[in-house]
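*Asks:* Sequence:
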Amino acid sequence: MNHASQPLTHTNRHASPRLHRRHFASARMMPHGVAESACTARVAPQTLAALPATVVRDAGMLELLAAEMRIADLEKELQEARAMACTDPLTHAVNRRGLENAFQRELARAERSGEALSVVVFDVDNFKRVNDEHGHSLGDRALQHLVSVLREAMRPTDVIGRIGGEEFALLLVGVQGEEAQAAMTRLQGTLAAQPVPEADFSLTVSAGVATRVANESLEALLARADTAAYVAKRSGKNCVVRA
1 MNHASQPLTH TNRHASPRLH RRHFASARMM PHGVAESACT ARVAPQTLAA LPATVVRDAG
61 MLELLAAEMR IADLEKELQE ARAMACTDPL THAVNRRGLE NAFQRELARA ERSGEALSVV
121 VFDVDNFKRV NDEHGHSLGD RALQHLVSVL REAMRPTDVI GRIGGEEFAL LLVGVQGEEA
181 QAAMTRLQGT LAAQPVPEAD FSLTVSAGVA TRVANESLEA LLARADTAAY VAKRSGKNCV
241 VRA
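In terms of the UniProt record's numbering, the sequence shown opens at residue 1 and continues consecutively.
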């Protein structure tokens, strides 16, 4: 039978739901103002080209703006992730990696300007007793207090890092020898004058100071300052020894 010769007939049978979904999806993908006409006829490609140039331009600008905003969000998330990787989660001082990054940055600046670069290594005196007598929760708050007090008293260019337990390091830019030792002694006095919140005691620290010599790495500098801090601890605590 030749189907082309058969007359058109009407039927009461409902169209397939799949066809409805396909038709609706096609209409949704069309530009605003075109989807309504798509209900009765298929839109020719020329219709899109016939849209006003301002509509096409504005749509393109909005798409570009959305892409730039997403890129900015991703860059912010990346910066935050990098900062978290270099920060001690308890005290918000820099960690060992953050201290290394700061050292490399300040070393490059110091070599250009000829400024000195000193490191202080110190740990909290009798910190085990703090934990044993007051609990680890107060011990944690005491370390947070220490970093907060020292950061307020330090210069913006100085860096404080937590390198393990109750042991910390300072990176002092532009000071050396006796000047660096005197700076740490002043910080000790500031810390001793401010008791730990919700406690009846202040913190004292034993510190060692070392000034970088030519071609000295951060590890070597920290080792010299740590040896001096050990001497300070053995000398009665709450003092500063220069390497």
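Just so you know, the hints here were simulated from the structure itself, not pulled from any lab data.
Careful, some of the hints might be misleading.
Said to hold, decoys possible - Ranges between beta-carbon positions, derived for each pair:
#, residue 1, residue 2, range
1, Gln194, Ala66, 48 to 54 Å
2, Arg155, Arg129, 30 to 36 Å
3, Thr185, Ala110, 19 to 25 Å
4, Glu216, Pro156, 20 to 26 Å
5, Gln104, Asp200, 26 to 32 Å
6, Glu179, Glu77, 37 to 43 Å
7, Thr227, Ser202, 25 to 31 Å
8, Gly135, Thr227, 30 to 36 Å
9, Arg155, Asp200, 26 to 32 Å
10, Ala223, Asp140, 23 to 29 Å
11, Ala116, Pro89, 57 to 63 Å
All C-beta atoms, glycine included, are put in the ideal place defined by N, C-alpha and C.
*Asks:* Go through the numbered hints given earlier and state which of them the structure violates, listing their numbers in rising order.
*Replies:* When the structure is compared with the hints, numbers 5, 11 turn out to be violated.
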